Structure formats: C-alpha cells, structure tokens
Amino acid sequence: MGYIFVKPGMSPKEIVKKVRELPGVCFVSVGMRDAGQSDYKNRLRIYDLKTLAPYYNEMGLFAAECHGGARWHVGIMNRRESPFEEIAILRELMPNVLLQTLIRETNMWGYRPYPRNVIEYVVQRVDIDVWRCFSFLNDVRNMRPVAEVVMKRGRLFEPAISYTVAPWFDTKYYLKVVDDIISLCGGVDEIILCIKDMAGVGTVKSITELIDAIKQKYPELVINYHRHITDGLALPVLLAAAKAGAKIIDVEEDTLVRFYGHSPILAVEALFREHGIPVNLNRKAAEQAVAKVREWIRDYDWAESPFRGFDHMVTRHKMPGGAFPSSFEQAEKGGFLHLMPYILQVMSLYNQIVKYFDVTPGSQITWVTCSGIVNRYAKERGEAGVKHVIELLKKFVEEKKQNFSAMSKEEQGELLELFSQAPGDFKNLILGHYGRLPVGWPDEWVYRSAFGEEWKEKIKERKEDSPVESVPEEDLEALKKQLEEELGREPTEEEFILYLMHPKDALDFIKFREKYGIAPLVLPTPVWRRGLKKPGDKVDFELEGKPYCIELVSIGSENDGVIHVVLKINNKTRVFEVKTKRAKKSEVRKATRPNEIGAPISGTIWRIGNPERGELKVGDIVKKGEEIANLESMKMENPIVAPFDAQVVEICVKVNQMVEEGQLLFVLEPLDKVKKEDSVNIEEVAAKLS
Amino acid sequence: MTRKKKKIRKVLIANRGVPAVRIMNTCRDKMIKTVAIYSTPDRLAYHVFLADEAVHIGEAPPHDSYLNMEKIIKTALETGCDAIHPGWGFLAENPEFAEMVEDAGLIWVGPPARVIRLMGDKIKAKKIAQRANVPTIPGAYNVKTPEDILKWMKEEEVEFPIMIKAAAGGGGKGMVRVDREEELSISLEKARSEAKKAFGDDTLLVEKYIQYGRHIEVQVLGDREGNILHLYERECTIQRRNQKILEEAPSPSINESLRQEICYTAVRLMREIGYYSAGTVEFLFDPKTKKFYFLEVNTRLQVEHGITELITGLDIVSLMFDIAEGKTLPFEQDQIYPNRHAIEVRINAEDPKTFNPSFGTITRLEIPQGPGIRVSSGVYEGADVPPYYDSLLMLVMAAGADRNEALRVMDRALSRGLRVEGVKTIAPLLLSIIRHPKFVEGKYSTRFINEHYQELLAAFKEKTADDEALKIAQYVAEVSALGPQSWM
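Listed in order, the protein sequences are those of chains P and S. According to our numbering, the first sequence is numbered sequentially starting from 1. According to our numbering, the second sequence is numbered sequentially starting from 1001.
This is chain S alone, in the form it adopts within the complex (with noise of 0.2 angstroms):
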C-alpha cells in the first residue's frame, strides 16, 4: 500500500483531559492547528482552551460525545482538518473508526485499522504471537461454562489460580482472577457481563495466572517503510484493580540480556503484523522461572509513554505525526539511547484508601515544580472533575540518573510540590509506594498494593498543617458568617 505524503496542518483531537492536552502540545511544538471537541459538562475544561479552535459536540455520555464517531469526523471535516488523533481510551482501537476516518480522506494518526483490528481480538492476537514464536500463557478461548474452564485445566495441568478476560478486553476491564471453583460462576459471569458492558462482546477466554507476575512493555515505533525499531522497555507492575498507576523505565526486574530478548520479540512480533506508528507490545514476567509471556498489543499511544519520553529523549507524539504524513524514521535502533531512569504516577481522583472516584472542583491546585520532573496535567485550578469519564487528573513524572535518584525527585514531586484541594486523589498512596522498602528494593508483583495495602494506608501522612489550617479557617468561616452557635 503506497500512500502519497501529505502534510498535517490541522488536527482533530477525539479525547479530552490529560491525552488531549499532550497532543496539543506538541501540535504547538509542530505548528500543527488543533480543533478540540467537548461534551456539555466539558464546556470549561483544560483542553478546549489550549486548542487553536474548539467544537461542542455532545452531552455527558461518552456515547454521545467522545464516541459519537460520525459526529466527530463531519466536525473534523467541517473544521477544515487533516487528520484525527484519537488519544488513548475513547476510539483510540476501534478499527471502525480509524477505516471511518480514512475513507473520509483524513488521515488517521495511528496503526492501520487491520492491525488494530486483529490486536484487539485477544485469542487471535495469542495465536498470530504464537506463530511468530512469542511465548504465551497457556489458556483456553471462547469459554462459556465453568465445566468448560474445568475442562481445560485438567488438560492442560493448570491449577487455580485463574484469570477470565473479556477477548476484546484491555484497560483491565472485564478482567477476573478466580482463586477457587467455588468462586468460577459468578466470576465468569462478572466477566461476561462487564465484557458486555464495556466492549459490546462477551466472547471470553481464560488463562493460568502467573503469581507475583510482572508487567513489562516494549515501546514500538514503526513507519509505512516497514522499518520498526523499540524504545525499550517499562515497568508497569504497580496496578490496582488490574490498572496500573504508576510505570517505571527500564525496568528493574530484568537484566540486560533479558531486556535484549524481550525487546526483539516485541519488534519480531510487530514486524509480523505490519505494524506502523506507536504501539506497545505487553509481557507477563514470571520472576521465578525468568520466562516472559505475551500479553496484547496496545495499538495506540499509552498513558505511559512519557517515561520512554524522558529516558530516550525524543517526542513520541511528534514522530506519530511524522509517521502519519508518511515520513521514514529518522533514526536507527543503535541510536536510541536511553541514559535516565524516569518514572510515572498517575493522580487519579479517587479516595487514596478505597479507590472510590472523587468528583467534584478543584478548588485549588499546585503543580510540582523543579529540577527533574515532567507534568502533564489535563486540569487546572478551579476545574470540574465530571463523573461521567475516567479519573485521571494528571500525570507526574520524575527522572534521575538512576532509579534512586528518581525516587527522591517524585517524592519530592508529591510531598512538596503537588497539593490538590476539592477532589481526593490517590497521591497520598502512591508517595507510599514509592516509600515502601520493598519498593524501593524493587521486589514487588501486581499483587503489591493488596499485599502491602494496610502498611500502605498506615504511612499516609494523615495531617498536614496546611490542611488543618483549612479545617479551621472553615470554621472560621462559618462562624463569622452565623456568630455564635447554639450548641457554644
């Protein structure tokens, strides 16, 4: 398929929040125009703002808005854009889309559709990693019964525990470990109905569950010339309820011969499929056996790419661009250099203690400053934080020159520098992690918060002054607003 080159010169972004404002950003870097969408309550949000122009284009529900896909490229095409960037999440892998926006004569700033297509079906996409020779964990496609789950695990000498996952499934969603046969029929059921719910497919597969598993990626690249090269590796362990919040690169479990083997399959199996533009290839790391399994393929720019960003030094998104107007990438492999340690939290707006989504304004917002960290925020202060979408307000990155030296700078980052008011958010968890002693060692799975999960809580700084301060200057307020109160 040869493609003529064509320049970008104004961009759709179909997302909202942090994605959005990242791609403005280096759309400004490029001199690329940006046209921002926004649904009803996103009308003061962050990234209508900082694009050169911005479109209503819904109410609240996703489906509405930031789904809406025939809405979104009649505005691109309205708008006078040449391309769609989707972000991550929304329709960032829905290969309907990205055929959408191409036969509209846009061009899509991702993988080819085919691709897409085949990756998120996740029994095929296990049996195209097999035929490159990539190991994979064993597993059973298209369960139904738990008598078929049952089945399969005697065949294949699997034991308890188990992971079901929704075949179209990424993000964590639809995804359920089951630790005992009692419990095989209403997980099973769970993931049908959350497959359902969140990908409109219930079709499942169940898999062996690799105990204090790793979670390791490799960052691809590749342009329409068939040259594919990685960015190396991250470390995306630290998850709670199967998603992660914070990534690290490299990663400390694996040495370097490890990384060398991990980072050329990722590459062998993404030269199978004809991959273009950013992608990520995930690995299950069994730290016993030192084998790694393959897990899916992202096709799209992740949440985390900004810590390859910053041990690698080059602009991801920008080179997505590139890749798009059909530009040979400009480098080789044995120029990447990565020279840093980096690492990434994700400052969702939950309850730090029960994960439960915090809504509401932002009355007050601080950025951490100073030498060593990155932030890419998809809020400022006095923003809403809407119910309606994920909770990511923001991702804080740090880098050193070792991973100890990145430590310090993100602990820096959030006990110094960040302060969000009006919204909880899981900071005060993630500076637990990056305190606890088997963190900082580097021993740790994906079982880490539930293992650690009361010696986490327990070394949440429950007070600070600043925060008392606000508890007294709200009775202040209120007792200079009503005087003297009947209960004084």
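So here's chain P without its partners, still in its complex pose (with noise of 0.2 angstroms):
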C-alpha cells in the first residue's frame, strides 16, 4: 500500500499537503469518465468500468474521475445508469481512492444555469470527494456558490481554467483568471489549481510559459494539467507541463487511449521516467487495468466516434474532445455527416467572432449555431452555399479583420442573416444570461443579426451580472411536489436530485427502472446491447446474493404488433409479449392535473351527473362537493364529487364505460379562474379596440 498517499476522508489542506509532499507528480485517472466521453460518447457502463477498480484501489492514483460532465446525463439517458449508484458501486470497490467529479459551475452537470438553492441543495447532497470545476466563460463568480459548499463541507474543491490558444488569450488574461479563482477561494493551500485544455491545442511553448508564470506568482499553488490528446502531440507537452510544475497530470488506460481523450497510463509513466520525473504510481496495478480494458472495450465499437484519427486541425475549430463523438454522431443521425470539414471551418472563423471557450456549455452552442449556418445554406444553395459563406467569413475574418464597414452592402446585408435563425442558447449567450464573456461582447452587427429590428433593446437587456444573482430561486418544495405526482409515489432524494438537473430526462429514467429493474446493472454488456441471440444462449447474474439464469428458448415470430419471447429463468420457462412499434396504442388518457378528474379505482361509470341535476354537459357549472360522476366497481359506489367550483371543460368517458384506476373523466376549469380569464379577454379586446 505504499502507493497510496491520499484517501476519502482527509481534509482538503492535508490532501493539499501530500501532494505537495510528493518528489514528482501524480496522476487522476480518466478512465472512468472523459475517455469514454471523448471517444464512446459515454457509453462506457459502470458493469465494465468497475472491474478497473480494484486495481484502481492499489495503484496510488491522486484521484478517479468518474463521474460529471455528461456522464451524468448520458447516464439517465442512455445507460440507464444513475451517477449515484455509480458512486455507491466504486466507493465499495475502491475505498481509497478520491473520487472526482467535473462541475460546470452554475450549469452543473446539464446545459443551462440552475439557480442557486438548486446548485446548493444538490452540491450539498453529492458524495464525491474531489470537486473540478470550470466556467466556459471563465467567470469566476459563477463558481461561487459551488466553491463555497464544497468548502463548507470538507471536500477538496478544485477550480478549472478553461484554457485554449488564441492571441486575445494570453498568459496575462490566464494569470487574471488565476487571482480571481485564488481570492475566491482565499489562498492556495485547500484548493488544486486545473488547467483544463479541453480540445488539446497547448503547446510545448504556450505551456510552459503558462505554468511558469503561474508558479512564479503563486509558488505553492498545485497545479493539474488536462490535456485531450486530439492534435496527436499531447505526450511531450504533458511532459513540458511536469517540468514547469504541474504536479498532477490526467491520463487514461492506454487500451482506451482512441483520438479525443487523453495520454495513455503507461506511457506517460515511461516517459516522465526516462526524463527523471518520480510518479507515483504503482506501475503493476496500472498495467492490470490497461489489460482488464481489453475484456470488454470491444463491446462498444458501435458507440465510438464514425471521425477516427487525430485531427490537428483542432488548433482551428477547437472543437473539445469531450464534444467530438456526440458532434459526430448527431451529424450522422442528422444526415448531415459530409458536411463536417465545412462545420468545423466554420467554427474556426465564428469562434473568433464570438470568444469564449469551447466546452460544455459553450461547445453545444457553438455546435448548434455553426451546424444550423452551414444546414441552412446546404439546404437553401446546396454545397456551393455552404462554399460561399465559408468564404465570406473568410473574407470578414482574415482579410476585413471583422471591420463590419469594410463589407460591401450586400455582404453586410448576408452577414446580418447569419444569426437571423440562431438557437436561443446562442442569444442568451451574448445577453450574458450564463455570465459575462471573457474578453468583452461581440460587435453591434451579431446582435443586429441576431434580433433583428429588436437589437438595440436586448443590448440594453444585457445583463453584466453572473447568473448566480440573477437566475430566480425555485421553490424545491414545489418541484418536489410535482415529482410526486408523476411518480405516484413519494420520490427518493436522489430521483429528486436526478429530476432537478433534467427533469424529462429523469421521468423518463425513473420510470425505465420501474419497469426493468436493475438490468442495466447486472446484464453484461453484449446482452444489454443486443440480448440473447440464439435458443440457448444464458445470461448469469445474482440478486441478493442468490444465483439467476436467464436462457433463450425462442423469440415467436411478430403477430399484431406483438412477438412472443420464451425465456427460462432459473430453469422456469415463462413467455413474455413484447410490443413492437406496430403494435396498437391503446393509451389510456390519465389524469394528471388538479383541474382534471380522474377514475379513483378500475370499475363502470354508470352514471354521469347526480340524479338531481341529470346527466352533465360540458359548459355546465358544478358547486364544490357536488356529485359529478359515480362509478360501480366490484359491486360498490363510489361517488365522484367536484373538488372546486367549477365549469366542465370536458367530459372524457361515456355511461357505462369501464375506465382503469387514474383515467381522466372529467376536465374542469376552476371556476374563479374561468371568470379571471373571461375579465383579461374583455381587456386585451378593449385594448385592442382603443
């Protein structure tokens, strides 16, 4: 165990301290997060990935990432994984290793910014031990309220600058960057500085200088190199960065090394080795880990970027590793994939257009609107349009310098369509409504381009303040409330948690688990993927310690939409329908809302009204507690009453229709709010009168 220097549950200073400590550096393995999200587009399971922890556990890492980024949503989405029970898993697995989120300060772990009681409440209740944090914008202030929980709570809070090469980011804005993050987090002895260089575009040259610098003003201060390896020259600026200070370098398993993610394990090691930089790492686990990979990772050739090999011209368009296989594979769903070389040339010119960092979320925005321009114009002028417009940007960029004036009528003309039809993360980016952008707003044409007529307005909109400030707090209360109702059920604090960062995404993820259970858990990859193929074929696992076998006895042949799957489970033939996508949708309308009444238990409505007023028809007022319908079930009436006066909207079942538990029967509007309503239509038609 004498690789082991630092463990969950040591203080942040004392972490802080033994690295320091260290005679050379230190490595995070990546693993488990970025590589597969820059090469598998995060398909990689916690199934495979955990049978790396073990080895994990003995090799002396200074942490794991394995969770955050888009792992998290990936996770609810198409792994059907949840980030907690990842969690759950690898802190049994691996007890001593720190395990290490990434956290997109005031956007977390989706696409927008959360408002702060969210990003508390949900910080506060995250069990990860190293917290890696980055603004796209690099505006400090938005990582406040992350930094001070994390703090707060005794866990290690590691501050990102996002880090790319470009003449208006220079060492002088970086080191700005750098005191903003040190007075933030008052001092460099609890935090660990990451130099987070996403699309892997920092040179030999860039970085040293960087490192230097940094550590010439703040000679204590640790500091983690991140570099994606898509240029193909990661390997000796990793070593520049070690030789300049950085005492924690990230790496991956050689044998999950592709083009986007990060250096291999092994090779590093050599390499810092012969240039007699000590790391700390027990070389025999990681060489177990680096073979263990190749068990699995040819279960996920499908999940791999369709854009193999390296591309240095990376240093242009600067699209992030993490970015590249999700890009490529929306491109491909898209149908748009021969349009790729046209796409990243032109995020290499609008990236100098509007400046800040291309990663999460600003690599989405940069994605959608430079897809959307180059999707527009294939489809209006076809690939000569996208030609045309690649070379007037050309000429507005390098030629013009982006003097707007300098344009001719019809270009500036062209030039102000270009944001005409750009996505609404796009505008509320240069309203700075994720913070302020790191070297100043874009010209007056974008927005002019952007909202049209309304431009001069929105500029006055812009807001200089960070989110934080300004995104409104929600009443979790509420959102709690409403989980509850579409659950049918009390939620758990982490399905609460998993429904505040997306809540369509978590529905949906809850409600898969519901029906399939803990199949994404146990089932090896092959037969998650594709199921048993042939009559025969077995899957093993154990539930509560008990064995289980699942065979294949045959798969029927599809009749009405549904086929006929035979499987033995221990030994026990049993047949089970699966419904096709022909198969007949015979949804059943439920109640979901208050103002819509739903059948309290399975029975016959036999009965529409109360034997006094008669049948009801919509239109008709109802009084609060008045019987509206009865329903007989198993011999017995159940009274259906108004909850509230009100006015039926719509009457969804006819007499003596058998309903199922929580169908709708009834839509009604509060009777208060029909009369609100009718008073506001009687103003607008008032105003517009006038």
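Honestly, I wouldn't trust all of these hints.
[As the list claims (entries may be wrong)] Label pairs and their computed distance ranges (CB to CB): (1) S/Met1488 <-> P/Arg308: 19 to 29 angstroms; (2) S/Arg1043 <-> P/Gly488: 32 to 42 angstroms; (3) S/Met1488 <-> P/Met313: 50 to 60 angstroms; (4) P/Glu493 <-> S/Arg1043: 49 to 59 angstroms.
Simulated from the structure, these hints should not be mistaken for lab results. Since this is a predicted model, take the numbers as computed values, not measurements. Glycine residues also receive a C-beta, built at the ideal position from the N, C-alpha and C atoms.
Hints are included, so try docking the two chains, each in its own frame, into the full complex.
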C-alpha cells in the first residue's frame, strides 16, 4: 500500500500538503469518465468500468474522475444508470481512491444556469471528494456557490481555468483568472488548480510559459494539467507541464486511448521516468487495469466516434475532445456527416467573432449555431452555398479583420442574416445569461443579426452580473410535489436530485427502472445491447446473493405488433410479450393535473351527473362537493365529486364505460379562474378596440 | 314437515371459483357426482374441469349465467341431478330460488326457504332476534329522509357515527357509515342506490355505529329433526370496505364465559326460527362494555367455514349434504372439541394499496404448502380472472396449537409459499396485517385497516429478488426480440 498517499476522508489541506510533498508527480485517471466521453459518447457502463476499481484501489492515483461532465446526463438517458449508483458501487470497490467529478459551475451537469438554491441543494448531497469546477466563460463569479458548499463540506475544490490558444487569451489573461480564483478560494492551501486544455491545443511553449508564470506568482499552488490528445501532440506537452511544475497529470488506460481523450498512463509514466521525473504509480496495478480494458472494450465498437484519427486542425476549430463523438453522432443521425469538414471550418471562423471557450455548454452553443448555419446554406444553395458562406466569413474575419463597414452592402446584408436563426441559447449567451464573455461582448452587427429590429433593446437588456445573482430561485418543495405527482409516490432524495438536473429525462429514467429493475447494472454489455441471440444462450447474474440465470428458448414471429419471447428463468419457462412499433397504441388518458378528475379505482361509470341534476354536459357549472359521476366497482358505488366550484370543460367518458384507475373522466376549469380569464380577455379586446 | 329420506347421488353446484371447487372436493369424498355450470368467460375455469360434467349456462353477466334460476334448474333436471348446492354468493340466499328448486323436485342443500326469506329482511330479522331475547343495536327501520334519521337520533339519544344499511343487505353492500350531519344526505342517497342495485330493494334502516366494534359470528348446524348445535365462533373483525379479508377461530376478543354465552345465544335464535343446515349468526361485540349485539343471520355456507373445520376436525359441507338428505346430526354439543387455532386470509385479485380490482391471466401460481396449511383455490396457473365476478382467487388457512403458532404458519404461507403473477393480490397487505404488533396482540377493531393503513403500506416488502429477476427478464426479452434500442 506504499503508493496510497491520499484517501477519502482527508481534509483538503491535508490532501494538498500530501501532493506538495510528493517527490515527483501523480496521476488522475479519467478512465471512468472523460475517456469514455471523448471517444465513446459516454456509453462505457459501470458494469465494465467497475472491473478496473480493484486496480485503481492499489494504483496510488491522486483521484479517479468517474462522475460529472456529460456522464450524468448520458447515464440516465442512454445507459439508464444513476450517478448515485455509480458512486455507491465505486466507493465499495475502491475505498482508497478519491472520487472526482467535473462540474460546470452554475450549469452543473446540465446545459444552462441553475438557480443558487438548486446548486446548493444538489452539491450538498452528492458524495464526491474532488470537485473539479470550470466555467466556459472563465467567469469565476459563477463558481462561488459550488465553491462555498464544497469547501464548507470539507471536500476538495479544484477550480479549473478553461484553456485554449488564441491571440486574445494570453498569459496575462489567464493570470487574471487565476487571481480571481485564488481570491474566491481564500488562498492556495486548500485547493488544486486545474488547467483544462479541453481541445488539446496547448503547445510545449505555451504551457511552459503559463505554468511558469503561475508558479512564479503562486509558488505553493498545486497545478493539475488536463489535456486532450486531439492534435496528436499531447505527450511532449505533458512532459513540459511536469517540468514546469505541474504536480498532477490527467491520463487514461492505454487500451482506452483513441483520438480525442487523454494520454496513455503507461506511456506517460515511462516517458516521465526516462526524463527523471518520479511518478507515484503502482505500475503493476496500472498494467493490470490496462489489460482488463481489453476484455470489454470491443463491446463498445458501436459507440465509437465515426470520425477517426487525430485532427491537428483542432488548433483552428477548437472542438473539445469531449464533444467530438456526440457532435459526429448528431451529424450522422441528422444526415449531414458529409458537411462536418465545413462545419469545423465555420467553427474556426465563428470562434473569432464570438469569443469564449468551446467547452460545455459553450461547445454545444458553438456546434448548434455553426451546424445550423452550414445546414441552412446547404439546404438553400447546396454545397456551393456552404463554400460561399465560408468564403464570406473568411473575407470578413481574415481579410477585413472584422471591420463590418469594410464589407459591401450586399455582404453586410448576408452577415446580418447569419445569426437570424441562431438557437435561443446563442441569444442567451450574448445577452449575458450565462455570465460575462471573457474578452467582451461581440460587435453590434452580431446583435442586429440575432435580434433584427429589437437589437437595441436587447443590448440594453444585456446582463453584466452573474447568473448566480440573476437566476430566480426555484420552489424546491413545489418541485418535489410535482415529481411526486408524476410518479404517483414519494420520490427518493436521489430521484429528486436527478429530476432537478434534467426533469424530463429523469422521469424517463425512473420509469424505465420501475419497469426493468436493475437490468442496466447486472447485464453484461453484449446482452444489454443486443439481448440473447440464439436458443440456449444464457446470461447469469446474482440478486441478493442468489444466482439467477436467464436462458433464451425462442423468439416468436411478430403478430399484430406483438412478439412472444420464451425465456427460462432459473429453469422455469415463462412467456414474455414484447410490443413492437406496430403495436396498437391503446393509451388511456390519465388525469395528471389538479383540474383533471380521474377515476379513483377501476370500474364502470354508470352515471354522469347526479339524480338531482340529471346528466352533466360540457359547459355546466358544478359546485364543490357535488357528485359529478358515479363509478361502480365490485358492486360498490363510488361517488365522484367536484373538488371545487368549476365549469365542465370536457367529459372524457361515456355512461357504462369501463375505466381504469386514474383514467381521465373530466376536465374542469376552476370557476374563479374562468371569471378571471374572461375579464382578461375583455381587457385585451378593449385594448385592441381602442 | 316430514320428508322422505332421499340419497343425493348427483348434485349441481350453482356457483363458480372457490366455493364451487370447495364443494366439489367434498362431493368427491362422498362419491356424489357433480355438475358444474359456467358462463362464457369461465369456459376454461378450474371448477369446470374439476366437476364430472359441465354445462354452459350463459353469457358473462351474472343475470344471464350464475343468477339465471330457470336455466340452472332446467340444467339440473336435464343432467339427472338430485340436488343443487348454491355455495355462497349468487343464489345462496335467494328464497325464491330455494323454493323453485324444491318445487322442481330437487333437494335444496341449504336452510328452508322460509327462513332465508325471514332472515333476508334485516328489519324482520332484528325483530325476531328481539323476541328471542337476543340483544340488538339501537336503530330505526325504513328510514326515508335525513329528517327521519335525525328524529330517531334525538329520541334514542344516539350520536354520530351511525350506519345506514340496506334492509335486504349483506356482504357489506349498501352499508354506509355517516360521521357528520353534513354527510347524511349524500350517504343516504348512496346507500339507497347501492341497495337498489345490489338487492333490487331500496328499503333502508339506520343503526348506532359501535366504535371499535368487533365482528364475531357463531357457526351453527341444525338437522331437520330440530337438533341444533354450534361449532363455536369465528372472529371476522379485519375488514376493508366492510368486506372481510381475514378471519380466525377462536376469537381472541372474548373469554370462556362470553364464548359460552354468545354461542348459546346463537343456538337459541336459530332454534327460535326453526333453522336447519349450516348457518351463521353474526354479532357485533363492543369490547368496552363487553356487550354483544345481533347483526344478522347468514343462511348459507360461509366463505370462512374452513377455519371452523380446522379447529373442530369436521367437514361442514359434508354435513350440509347429510342434513339435506334428512340424516340426523351424528354428534351432540359436548362432543365438539375445538383444539386448534386457525386463521384464514382471502387472496383477492386486487391492488393491495388501492383495492382496485386486478383482472387478467395468472401467469404463475405457486400455492403454499407445508405443515399446518390448508388452501382452497378457485384458480390454476394460466387461468383468467374475468372482470365480471368477485375477486376471490383463493383462501389460505393456517392452523396451530395456539394463535401465535397459527400466525407463524400463516406468515410462512404468505411470505415463502404463495406467489401469484399476472394479477395483483392483497397478499402483501395480509402479510403486513398479521405482522402488525397490534394485530399480534389481538387488539384490533373493524377500523384496523383504516387506522393503520400507512403503517401497513410501509411494511410492504417492495421488492423480492424474484420480482427483480422478472423485470430484468422482461428487458432481456425486449432487447432480444427488437435489437439495440434507439435511446441507447
């Protein structure tokens, strides 16, 4: 255990001290998060990743990045795994290892700013040791809520500077960001600074210069260098960083390395050793982990980015490694994969017009905006149109140095159309909803292009303060109630947090798991992806310590949208019905809102209305407590009463219709609301008339 | 009325499900041939295949099938039956049917039609009980308006809550509890309408509601010679929506002298009305005052008769046939020695949280077994549970030397033995009831489920490994049939 130098439970101060005391450098393994994000669309499952945990436990890593970034969201959407389950599994299998997340300041693990109370609520309840936090605008103000909660909890805060190479982002600029960070965190003794080179564009010279400058100003500050390998030049730059004084380097298993992730752990160790830089690494354990990956990595061929090979052009278009596979996946799904080279060119020009860092959510804004522009030209004018717009942008950016008035009237007109269909998030970005842009707002014409006639007012609306101050707080109790209504039961704390992050996808996830249980956690990847192929194929797993075996007997042919699958479960034969896309959808409308009246139990509606009034009709006014229908179930009568004074908007059942529990019977409009809306309408009408 | 003794060689069972199967089992022991009747959706039901013969009787609605009196009698005659056993429910307490059976020259395996009619009228039954010096709950007959009820309450110094009941009622239908004056009018209307629907008669009565009352009933047997004796009592206090779901014998609520008193009171009443066959006198017991009040006479075999059989070692269905044949009861009161404690639970096909009926196919059925367990099932694995009839799938009974032992056996039966898939059952609720400390102590009332609903619900074991495996298998089935999913 000689390699283990930091452990969960240590105070941040202690951890920082331990790193400083190391004779050389140590590693963060991103094998459980960024490796999969950069080359496998975050599809690497905890079922496979956890096989590395026993080795990590002995390896002497600084930390394992296993959480955050897009892994959270993709986990619930595509892998159907909860980030909480992953933490629990890894805690058990690698108790020696600090677990690290990547969090996007106020955007957390989502794509737009969350209100302060949500940030605090969530960060307090996620059991992570190292909180690497970055701002795609390097707006350090946005980090404050995360920093406060993490530091108060006694966990390690690792602020990151988003790094790229561009003339306007010089060493002086980055030093100012570091100053902001140090002042936010109250010194250098309880934090580690990360340089997040997410596209992989830092050079030996630029990185050496930056780390030198930081170390000169803050000699005690521990620096972690995170660099993607997209340009093919990562290893020499890592060596330069270590020589300049970086104490922690991000790496991944050699066998996981493709084109957009990080450098191979064994190779980096060997390179550093040859250059006399000691590395705190149990190389034997690392070798075993590298070998282990081979056992399952081929099960993920389907998830790999379709754009293979290094791409030195990244130094121009700056697409971050983490965004590569997902962007290409979208292009493939959208049928415009062939336009990718153009989109990358437009990106390289765009990022000189609107200056920020291409990392989530900025990279998504860049991607959607630029792919939108290219697609629009391709649709309207074909490939020639795409080439034309690139020429136009080149002329504007490179030749005319973005001097709008130097362009011809016609060209100006076309530029003014450029952002007319830009996504809402682009508009929010230039209005300051995410925070201040790092080197100032874009030129006026960008606003004219995005907002048309309203542009002047919009510029006035532009915010200078941080979203931490401006995003209104959410009513957490109300949100919890909302989730409870959606689920029909009390949600767990973890389900609630998933819901706070991504409401719609969390609901899908929870419903999936209610239906299919822990299938995502126990099935091997080939079975998870494709099922059992031929009769006799089996899958084994354990539940509550007891063995289970599912064996395929037969798959029937499709009939009326249904396939019957015969399986043996622990030798007992069972038939499962599988609905195909052609299955008739006989979906029953359910009552979900307070003004929708559902059947309290299954039964027959034998009366609509009541004996006194007779049958109800749409438009009738009913009094609170008045019986509006009667449902018979098992020979018992169940009066259904109006919960408030209301007007009947819709009657969704007929007399003598069988209904199921929760099925929508009536839509009511509360009477006070009806009156209010009437008066609003009248006011509107009056306003229009005058 | 003297009758010739006539041997029953073949009987038509005018029922389905659990009661039909229960009766057919005894018929097999007695070498009586059985004829089953079935409605269209019951074509492949368990009772149909257990019988020696089966006849399709009509379409799904009970009026076309299991309540179709003419057709049932015609079928009995055509198939050469000597007798009709009605089971419980359906036509079991229909005096016209009993008369029609006898008029057709068939033996009615049940009490005299006259007694059924008399006891079927709750108002008359209560009057007869009063005449026989059997205590009754203060009440008023034939109430029509809220004012009638309020007037009676003032006169008799009765306070809310009160109970409105169908005069022709039984089985909890047409019974509405009223807690406040404001609810009176809507409750009266509900009771009236339910009574009309369930019994075709909307005459209502109203009674004082005994808080924390317990439901105790006495099993009585009588022969045609006028010999009447009791098989001790059963406690049926655990109810939901006024329907029993758990019964036990003997009652844990009364001591030996109360037991003697309540049992002899029942016998006295049954003698007064000239009862024969098997029947039950129901009482409401007020644990505060230790008083008991007459509720009603059930003029039929009851669902929960099995626990009495377990504690006495007798076969009540068999005795019903003997009595119907005109035989004399073969034992006397002092020869009945109950020496066990027995519990029964009703496995209804319902959602255990909402009591919402659950229909469909029973895709898997594992029936509890092992020492001390008796199961009376109306279904088999693969059977359909149609939506037209009551939701009883199975009775599970457990017996032991004392109450604790019987409870332990029942716990084993429900938690380790029983498994029903395809439809939901109330088994999780039943299990959490028998594990509830108040129930184990024997401290409970008819409001037990309402009062402890949340605790009972919280005690449900949400997941078992087998359930989890099924969910996983459902996923494997889908992905095997459909291939990689677009959301992956």
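Of all the hints numbered above, which does this structure not satisfy? Sort the numbers upward. 3
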